[in-house]
Amino acid sequence: MKRLISARQLTKNYKARCVVDHINIDIQEGEIVALIGSNGAGKTTTISMLLGIVPQDSGTIEYWTSDYKKEIGTQLQSTPFFEGYSVEDNMKLFAAFYGMTLTNKKIDDKLAAFDLLYVKKTPAIKLSLGQQKRLAIIVTTLHNPKLVILDEPSAGLDPRGQKEIQHIIKRLKESGVAVLFSSHDMLEVMNVADRILIMHHGKIMANGSPDGLIVQYQTQNLEDLFFELTK
Amino acid sequence: MKTVFLLNLKSSMKDMYLLFWSILMPFAAIIALRIFLPNYSGGYIEGIIAVSVFFYSFMTTAFIALSQRKRGVYNLLHATPLPLWKYIVSVSSSWSVIAIILSYIVLLFALVVNQLKFSFTVLLYMTPIILIASLSFVFLSFFISSLVKNEGHLSMTANVLMIPMLLCSNAFFTMEKAPDFIQYISLVNPFEWFLNGIKAAFLNNFSLWGESLLLLIGCLTLTLIISLKTFKYSDQ
Numbered sequence: 012m013k014r015l016i017s018a019r020q021l022t023k024n025y026k027a028r029c030v031v032d033h034i035n036i037d038i039q040e041g042e043i044v045a046l047i048g049s050n051g052a053g054k055t056t057t058i059s060m061l062l063g064i065v066p067q068d069s070g071t072i073e074y075w076t077s078d079y080k081k082e083i084g085t086q087l088q089s090t091p092f093f094e095g096y097s098v099e100d101n102m103k104l105f106a107a108f109y110g111m112t113l114t115n116k117k118i119d120d121k122l123a124a125f126d127l128l129y130v131k132k133t134p135a136i137k138l139s140l141g142q143q144k145r146l147a148i149i150v151t152t153l154h155n156p157k158l159v160i161l162d163e164p165s166a167g168l169d170p171r172g173q174k175e176i177q178h179i180i181k182r183l184k185e186s187g188v189a190v191l192f193s194s195h196d197m198l199e200v201m202n203v204a205d206r207i208l209i210m211h212h213g214k215i216m217a218n219g220s221p222d223g224l225i226v227q228y229q230t231q232n233l234e235d236l237f238f239e240l241t242k
Numbered sequence: 163m164k165t166v167f168l169l170n171l172k173s174s175m176k177d178m179y180l181l182f183w184s185i186l187m188p189f190a191a192i193i194a195l196r197i198f199l200p201n202y203s204g205g206y207i208e209g210i211i212a213v214s215v216f217f218y219s220f221m222t223t224a225f226i227a228l229s230q231r232k233r234g235v236y237n238l239l240h241a242t243p244l245p246l247w248k249y250i251v252s253v254s255s256s257w258s259v260i261a262i263i264l265s266y267i268v269l270l271f272a273l274v275v276n277q278l279k280f281s282f283t284v285l286l287y288m289t290p291i292i293l294i295a296s297l298s299f300v301f302l303s304f305f306i307s308s309l310v311k312n313e314g315h316l317s318m319t320a321n322v323l324m325i326p327m328l329l330c331s332n333a334f335f336t337m338e339k340a341p342d343f344i345q346y347i348s349l350v351n352p353f354e355w356f357l358n359g360i361k362a363a364f365l366n367n368f369s370l371w372g373e374s375l376l377l378l379i380g381c382l383t384l385t386l387i388i389s390l391k392t393f394k395y396s397d398q
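Which chain is which? The protein sequence lines are R and L, in order. Sequential numbering from 12 applies to the first sequence in this note's numbering. Sequential numbering from 163 applies to the second sequence in this note's numbering.
Calculated from the structure, these hints are not laboratory results. Note that this is a predicted model, so its numbers are computed, not measured. Cβ atoms here follow ideal geometry from the backbone N, Cα and C, with glycine treated the same way. Any given hint might turn out to be false.
Stretches of chain L that chain R covers, calculated by requiring three or more beta carbons in the stretch to come under 8 Å of a beta carbon on chain R [unchecked claim]: (1) 171-177; (2) 236-242; (3) 324-335.
Input sequences plus hints: build the corresponding full structure.
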């Protein structure tokens with residue numbers, strides 16, 4: 012498998028506080044990687060550095076392509092959309108950011124696939140949280156990226172919404188897209204991820220497959236493993 | 163760029179700030195001047211158009227830019243391959259097109275209310291002045307919105323900049339009797355250059371028009387550089 016991202020000794024400080032502390036991350040083609048950790052563990056900062064939104068203080072990030080922003084799809088934690096723009100117009104706008112023009116058929120197909128066709132003309136910021144998360148993933152995949160990075164895609168959703176997000180992540184993998192997502196939900200991670208990275212106080216505490224790590228650390232389940240490594 | 167321009171144009175047309183600041187306020191001013199100062203009302207058209215364009219291009223867009231940043235969309239924009247200058251130029255151009263349309267509407271209303279004659283050469287010379295000035299003020303609004311953290315700060319900061327620009331110009335009072343230092347300020351006041359450009363279009367004064375256009379192009383270049391250098395993607 013081809014390596015898409017290789018980050019080495021990545022470090023970020025906010026004033027005197029070290030938020031991300033000399034971490035190494037690799038993401039391979041076609042795999043689903045979950046970044047798990049408590050609030051303030053450094054997940055969002057790590058994701059922001061991988062996306063090139065926040066510059067690292069030290070360390071290196073190597074991408075498989077020189078124009079990586081064209082090949083990565085992004086969903087941020089706040090699922091922001093442009094105010095005053097309908098669902099359809101937000102899709103067209105984000106596609107334009109990637110140099111693409113969307114046809115009406117493609118918009119309808121995408122929205123139908125995510126059960127959002129009936130809100131096509133609705134202002135995006137007026138959608139429910141679950142609808143916004145689904146729309147964010149549509150926007151993330153408009154340009155057929157090789158890698159999708161999702162920051163807490165299921166946060167704040169009800170169980171049905173969480174299940175839908177898991178299903179969407181699995182569909183992305185089936186279509187050959189690698190996914191890096193952050194989460195607090197151990198069940199979700201267990202259901203979806205090929206590999207997990209457990210983060211605590213800016214450090215990577217464990218890196219491996221969920222089952223492999225449970226065996227390695229001799230815990231009952233992923234939740235126990237998480238508490239063991241982050242106490 | 164074309165899609166970003168067109169979508170922003172469509173979205174901005176539906177903005178309520180636009181309706182209030184840029185259409186209802188000038189209309190009210192034109193009617194009030196017609197009622198209370200009927201002999202002078204025709205002479206205020208340039209000032210009303212200039213103030214209307216200034217308020218829309220500066221104040222309204224500053225609030226929109228701040229609101230989008232606070233929603234986090236600029237952070238997402240940062241993760242895309244679109245260069246920042248393309249985004250700023252595209253959205254600013256659409257706002258400037260709206261400013262031009264607004265100026266036409268205000269002009270038409272003033273002409274009808276005051277029963278004045280009209281020449282198309284006025285539009286021909288007024289349009290590039292409004293385009294360049296409006297773009298400069300939009301770029302300036304990006305700069306101001308990058309300086310502040312919330313709407314309250316923005317309102318104060320914008321007023322600190324706007325009020326001196328308005329008062330140190332011939333929009334409301336003649337500068338001839340103003341103290342010397344106010345007159346010096348008016349010489350380096352982009353709003354005064356804008357106002358002079360519009361007046362020159364009405365008076366067919368081509369040397370003043372050309373001078374205003376050149377000064378505004380300089381202002382445009384400077385404000386574009388400042389807006390790009392200071393652009394804030396997020397509050398973090």
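Comparing the hints with the structure gives:
1. Residues of the region 171-177 of chain L lying with their CB closer than 8 Å to a CB of chain R number 5, which satisfies the three-residue condition for coverage.
2. For the region 236-242 of chain L, the stated coverage by chain R is satisfied: 6 residues place a CB nearer than 8 Å to a CB of that chain, which reaches the threshold of 3.
3. Requiring three or more residues with a Cβ within less than 8 Å of a Cβ of chain R, the coverage given for the region 324-335 of chain L is violated, as only 0 such residues are present.
The structure is inconsistent with hint 3 alone, although it conforms to all the rest.
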